[in-house]
Amino acid sequence: MVDVANDEPPASPPTVARAPRTARGTRTRRALLDAAATEFGARGFHATGITDITRRAGVALGTFYTWFDSKEAIFQALVADMSARVRDAVTPRLADADSAIGRERAALHAFLDFVAENQLIYRIIDEAEFVNPESHRAHYETTVGRIAQRLKEGARAGELREEVGEVEAWAIAGMNVFLGLRYAVWSPDLPAEEVARRANRLLAEGLARKR
1 MVDVANDEPP ASPPTVARAP RTARGTRTRR ALLDAAATEF GARGFHATGI TDITRRAGVA
61 LGTFYTWFDS KEAIFQALVA DMSARVRDAV TPRLADADSA IGRERAALHA FLDFVAENQL
121 IYRIIDEAEF VNPESHRAHY ETTVGRIAQR LKEGARAGEL REEVGEVEAW AIAGMNVFLG
181 LRYAVWSPDL PAEEVARRAN RLLAEGLARK R
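Counting in our numbering, the sequence shown runs from 1 upward without gaps.
None of these hints come from the bench; they were simulated from the model.
Don't take every hint at face value.
Estimated spans, in silico, between C-beta atoms of each pair [to be verified]: (1) THR51 to GLU159: 47 to 57 Å; (2) GLU162 to THR22: 42 to 52 Å; (3) GLU163 to HIS46: 27 to 37 Å; (4) GLU72 to GLY206: 37 to 47 Å; (5) ARG156 to THR22: 39 to 49 Å; (6) PHE178 to ARG30: 24 to 34 Å; (7) HIS46 to ALA204: 14 to 24 Å; (8) ALA84 to ALA157: 24 to 34 Å; (9) GLU166 to ARG85: 22 to 32 Å; (10) PHE130 to GLY206: 29 to 39 Å; (11) ARG21 to LEU181: 20 to 30 Å; (12) GLY58 to ALA171: 16 to 26 Å; (13) GLU134 to THR51: 51 to 61 Å; (14) ALA60 to ARG137: 27 to 37 Å.
Glycine included, C-beta positions come from ideal geometry on N, C-alpha and C.
Can you make the complete structure from the sequences, with help from the hints?
Below you can see the structure in the form of structure tokens.
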């Protein structure tokens, strides 16, 4: 149970993105988002009620409205939160990579590890396409934007072809999504490191047999 007896009130009229101003507020909002992830992931958006979320989070119904205007608002915030968590899981793992291709291997490995611990992300992101198309699109566009930036940096460093950019970034993102679905959700019968290695070899060498 989260202690909300003196939880902070909203400083302004309700908005979708309401940032906490205290440590207690941060904990309460985090508890609500985590509960929403579990409930939406297990039940789906339409079968989940606000009371299901507050009950799981251990907070009062009124506290919910301190942070979110509606069920739609917390769902939108959850999609943004999960996108940020993917970013935060991947970014530190890039530091040790010594090449542009190596960074993509590290990014995929980190993503597979994240999905293995957060499998409900697939249902939530997929449902966002219908519940909140804007957040669904933003999730993928920001993800691809980070990949494209890495590829462009590799091109500027002379490691990748000069024209490498957005198209290749979308292709890599699509590959990563389906590899995560297959090897971190459906049947994790290969180590993430092996999946990342083999996918990375495809990027590095292409599919054509060398003659």
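Structure-based check of each hint:
1. The hinted range of 47 to 57 Å is satisfied by THR51 and GLU159, whose Cβ atoms lie roughly 53 Å apart.
2. About 49 Å separates the C-beta atoms of GLU162 and THR22, a value consistent with the hinted range of 42 to 52 Å.
3. Look at GLU163 against HIS46: about 44 Å separates their beta carbons, and that is not inside 27 to 37 Å.
4. In this structure the supplied range 37 to 47 Å holds for GLU72 paired with GLY206, their Cβ-Cβ distance being about 44 Å.
5. Checked against the given bound of 39 to 49 Å, the beta carbons of ARG156 and THR22, roughly 43 Å apart, stay inside it.
6. Against the hinted window of 24 to 34 Å, the Cβ-Cβ separation of PHE178 and ARG30 comes to about 30 Å, which satisfies the hint.
7. Restraint check, HIS46 to ALA204: a C-beta distance of roughly 44 Å breaks the suggested window 14 to 24 Å.
8. Take ALA84 and ALA157: their Cβ atoms lie about 27 Å apart, and the range 24 to 34 Å holds.
9. Between GLU166 and ARG85 the beta carbon distance is about 24 Å. The supplied range of 22 to 32 Å therefore holds.
10. Between PHE130 and GLY206 the beta carbons are some 36 Å apart, a value that agrees with the proposed interval 29 to 39 Å.
11. Between ARG21 and LEU181 the beta carbon distance is about 38 Å. The supplied range of 20 to 30 Å is therefore violated.
12. In this structure the hint that GLY58 and ALA171 lie 16 to 26 Å apart at CB is violated, the actual value being about 43 Å.
13. For GLU134 paired with THR51, a C-beta distance near 26 Å fails the hint of 51 to 61 Å.
14. Distance hint check: the CB atoms of ALA60 and ARG137 are about 34 Å apart, consistent with the given range 27 to 37 Å.
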